[in-house]
Amino acid sequence: MNWYTLLEFARGPLFKVAWLVFIGGMTYRLARVIFLAWKKDKVPSMGSKLGGVVKSYLKGGIVWPFIPWVKRTFSKNMVTYLAGGLFHLGLLVVLILGTPHMLAWKSLLGFGWPTLPLPITDWLAAVSIVAMIALLINRLVNPVMKLLTGPAEWLNWTLVFLPMVSGYLMTHHLINPYEKAFALHMLTVDFLLIWIPLSRISHFIFYFFSRTRQGIYFGKRGVNP
Amino acid sequence: MPEETIYEHLQKEGVSRRDFIKMCGMLAGVMGLGQLPPFEMGKTPTDLGAVTAKQVARALESKPRVPVIWLEFQDCAGCSEALTRSQSPTLIDLVLNVISVEYHETLTAAAGFQTEANKESVMEQYRGQYVLVVEGSIPSGENGAYCTIGGRSALDLLKEAADGAAAIIATGNCAAFGGLPKAKPNPTGAKGVWEIITDKPVLNIPGCPAIPEVFTGSVAHFVVFGALPELDSLNRPMPFYGHTIHDRCLRRPFYEAGKFAGSFDDEGAKQGWCLYKLGCKGPTTYNACAVMKWDQGLSFPVQSGHPCLGCSEPNFWDGGGFYQGQSAPLTRPEVTMVGAAAAAGAVAGAAVSSIGKAKKKTTDDAQPAQDGD
Numbered sequence: 054m055n056w057y058t059l060l061e062f063a064r065g066p067l068f069k070v071a072w073l074v075f076i077g078g079m080t081y082r083l084a085r086v087i088f089l090a091w092k093k094d095k096v097p098s099m100g101s102k103l104g105g106v107v108k109s110y111l112k113g114g115i116v117w118p119f120i121p122w123v124k125r126t127f128s129k130n131m132v133t134y135l136a137g138g139l140f141h142l143g144l145l146v147v148l149i150l151g152t153p154h155m156l157a158w159k160s161l162l163g164f165g166w167p168t169l170p171l172p173i174t175d176w177l178a179a180v181s182i183v184a185m186i187a188l189l190i191n192r193l194v195n196p197v198m199k200l201l202t203g204p205a206e207w208l209n210w211t212l213v214f215l216p217m218v219s220g221y222l223m224t225h226h227l228i229n230p231y232e233k234a235f236a237l238h239m240l241t242v243d244f245l246l247i248w249i250p251l252s253r254i255s256h257f258i259f260y261f262f263s264r265t266r267q268g269i270y271f272g273k274r275g276v277n278p
Numbered sequence: 014m015p016e017e018t019i020y021e022h023l024q025k026e027g028v029s030r031r032d033f034i035k036m037c038g039m040l041a042g043v044m045g046l047g048q049l050p051p052f053e054m055g056k057t058p059t060d061l062g063a064v065t066a067k068q069v070a071r072a073l074e075s076k077p078r079v080p081v082i083w084l085e086f087q088d089c090a091g092c093s094e095a096l097t098r099s100q101s102p103t104l105i106d107l108v109l110n111v112i113s114v115e116y117h118e119t120l121t122a123a124a125g126f127q128t129e130a131n132k133e134s135v136m137e138q139y140r141g142q143y144v145l146v147v148e149g150s151i152p153s154g155e156n157g158a159y160c161t162i163g164g165r166s167a168l169d170l171l172k173e174a175a176d177g178a179a180a181i182i183a184t185g186n187c188a189a190f191g192g193l194p195k196a197k198p199n200p201t202g203a204k205g206v207w208e209i210i211t212d213k214p215v216l217n218i219p220g221c222p223a224i225p226e227v228f229t230g231s232v233a234h235f236v237v238f239g240a241l242p243e244l245d246s247l248n249r250p251m252p253f254y255g256h257t258i259h260d261r262c263l264r265r266p267f268y269e270a271g272k273f274a275g276s277f278d279d280e281g282a283k284q285g286w287c288l289y290k291l292g293c294k295g296p297t298t299y300n301a302c303a304v305m306k307w308d309q310g311l312s313f314p315v316q317s318g319h320p321c322l323g324c325s326e327p328n329f330w331d332g333g334g335f336y337q338g339q340s341a342p343l344t345r346p347e348v349t350m351v352g353a354a355a356a357a358g359a360v361a362g363a364a365v366s367s368i369g370k371a372k373k374k375t376t377d378d379a380q381p382a383q384d385g386d
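Protein sequence lines, in the order shown, are assigned to chains A and B.
The numbers in this note's numbering rise by one with no breaks, and the one at position 14 of the first sequence is 67.
The numbers in this note's numbering rise by one with no breaks, and the one at position 169 of the second sequence is 182.
What the hints contain is simulated information worked out from the structure, not anything from laboratory work.
Hints are not guaranteed to be accurate.
[Claimed, not checked] Subject to a maximum C-alpha distance of 25 Å in a straight line, what follows is the list of computed SDA-like cross-link-like pairs (lysine to any residue):
no., chain 1, residue 1, chain 2, residue 2
1, B, LYS272, A, VAL218
2, A, LYS93, B, LYS374
3, A, LYS233, B, GLY334
4, B, LYS283, B, ALA270
5, B, LYS370, A, PHE88
6, B, LYS197, A, MET54
7, A, LYS159, A, SER255
8, B, LYS370, A, ARG82
9, A, LYS93, B, THR376
10, B, LYS76, B, ASN110
If you're wondering where the values come from, they're calculated on a predicted model, not measured in any experiment.
If we strip away everything but chain B, and leave its shape as in the complex, we get (with noise of 0.2 Å):
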């Protein structure tokens, strides 16, 4: 990779000045995502349009190209297919200029010894200054026997690249949390890149897939600032999952109303009523969905009519039902189990009350005795 400045390097790539700077207000826009309405409560929008476009310009004319190495493990490939599929062209191009993937498993033209040779010269290189982005689980079972790659267990691979790399980017549910991998009976036990490397931060980049824009606001962020940005209390980037879907849902109003969607082609439907009685996870789901949604801002799942499974979220896989209201509970106990109970406490009822009437009996039994002296 050429010691050369993302602008000279977009300028070789027939980037006009022009485009340039238009690039770098998309950019700026997209981190200042959580400066959206609606602001948190209490909190008034001082610092909006903080970052600027003269100030992500100004950081790629003066910072050379990132070097990102990506691994896969327990994945679909999915996330990586919603950034090279994503259909908006200007940003992801922005940003696959602005990073220089060096290794990854599905897009590499090389093959074999040679492109692990070439992660290994990588990471000697630019040891300290790489960023690590991680796609799919870490199996933990049987010293992570479940997912080899050359010979190599994910488990050691993670944790080779994990000690050279600047930052660490989790995309994806399974990278994030485990996924669904992790699914009960997770028998590979799977898990988070968090739950494996604990001495440095974690991004995480939750969704399935991850929402493209999102990756690349968090990797545009790393370039412009050099540090990653504000982290919630599961690591997700502030400005992408500081909000629920379901305070910018687009169905929100007829929520407020109570009109809900009872089946997927009732009139409620077919009025684009709220879809909570279809089990939208909406209201604990953070992600940034209902506002970037997807296909250059075309639609997300709840606009097209179908409810929020609340991918971004720790053992979504597991969070109750797709399709069951979300108020219900997560387990229910067995019909055995209630039938135990039920027996047990009647049981003991019987035997108590039992215990009482014999008690009596010999007190009543005894009294006329005690008289009769």
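Just chain A, with the same shape it has in the complex (with noise of 0.2 Å):
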């Protein structure tokens, strides 16, 4: 077998079955967590649980967490929170705006959208790949992160990494040959998909779940998230 028929493989039966199990898998915990919460509320609100929701997003969502003062566990978890915001923005980005990816998304959805130049993209990417660096060595000195980890953290670390790492060797024509560089990027692109409802990566989705809940809990009570 050479690097062009590993390279077929990952991205035609693999990336089949990876999809597959990744959608099976997420339906599946979402099913779950549906069945978890469904209980009648019969207790009047003290106020609004639509602004509770609002609130709960605008202050847990994107920029409040990082104005220092305003959360003290911003100044406690400053490489926490500036490295894994920047490795966040750039996988995003990445993810979704740049060239080949939007190609693949484009396949998939059957649409597709302007991206932005590689320039732009591969400094996010360097960005993310020098954020996840960061995040190791913090979860390998910090005691609490210490305490926190465990093989399946270990484990998301490494398949998330990988196919940022190999993405970025391959655009950048590090590895070759290039299908060499393609077909790893794509294996550790499918492993990643599979392990992804297996693991707490899937708060992409539950992220939303956990805030809207809280929010509504929030707005019931009548507090201020």
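These two chains come separately, so use the hints to put the complex back together.
This is the structure:
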């Protein structure tokens, strides 16, 4: 088997299986979560539930936690906030606005969108890779993080890091031949897709559930989150 | 075929010594193509100029012409067409003088049993010396019944001719990897030569069609050195297939700068930007198009504004849509399959949740009774 056939396998049947596992796994997880909280609310609310949800997103969302004087958590966990934030930002932008990724989405969804120039996505990719390394060091050094980190977390880190670094090396032609880099990137992407429903990386969907649910509670009790 | 040397034959044809040496220089240049920059990482061109015009001249002066048997199976004769209509007369003429095509179904003037008898006598006379060139794929389904010539199957004819060949050259993607006839669902069970002939090295010169100069360069290598050139993992000659189209593409700077044509008539296309978004397969396609080009080095597909189709790679016909970006997956899950996976997930989730709830309920119901005891 040469790299080209491995690439065909990783782009073809394995990718298909990985997507199906991902979709089946995520709906399973979603069903479990939805059934968990399927109870009728009989207690009257003290405030607006919708208002609570909106506030919850505003305060827990993108900008608020990064303003140092607003939340003490920021100054206490600078690395987690900064590196974590940059990693998420870079990953999302590259994944959605990177040209090759958009073309992959286009083939899956049937429509495309304008993308960012390579130099921009390239810098963001580099920033997220550096952020991932910073997060790894933080996990190795910070005593609290050490306590919270188990085998699943190491695997999470590895399986997210590998597609990122292989994609970067591929773009810069640092692994030769190109199809080897491409095959490695696709293989790591396939493994990640299969692993997501089994792991806490599924927070990319559940984050919104927990935010909404917290917001509803806060709104119901009429308190400011 | 008389036992005269190639040079003697050329002299008879009216080629002067000066022209002969010029041609030798050209051949040496073609064979040394692998040494053109960009060099492979970490490799300096130490053996640059290893093949000299002198070496080529000496070989052509001392060696007789090489007899060639050219078989065509499931093909369009495009590779033969490309070779005969090539606009590079000196080089092609030279090689056509270097070799002596003894049998070629499309080009031969004779017909019927005479031609077949001639082929058989050539195979007998030059056993172990002739070069077998195959064009077109070989159907293996129904015992080879999908392609027969003179009442015999392609499979049979290939095995017979390969048996006495000194070297086998599969020209074009069909002969090398099955090409178009092998495209899904491959009704004839088409195969490339090297899938059938496994006891001899098969030189693959894939392309659709194969670049004529690549074919002639490889033949010239065999004539000069008496052996096939260095091959890659797919048995393609390294001097011509050592680099990708992308490696030597004239639009490469635009790729690096992230400037892509989004359609065939937008501003990017007019400016000559990279065709990656339009489905170019250049990054994974190994061939010499970007260097040798076509029609006397006039142009090649990417230069003319069309993305590379990847025609020198196995299964290129099934390798994703021609105009679909290369990063797109080869197969996507069908909507029904996605639906089935989602439904299976949802049902399993609901079932596990209700079992959990039912269990909890039984425990809750049992609890007060225990308390009451």
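Which earlier hints turn out false for this structure, listed by number in ascending order? none
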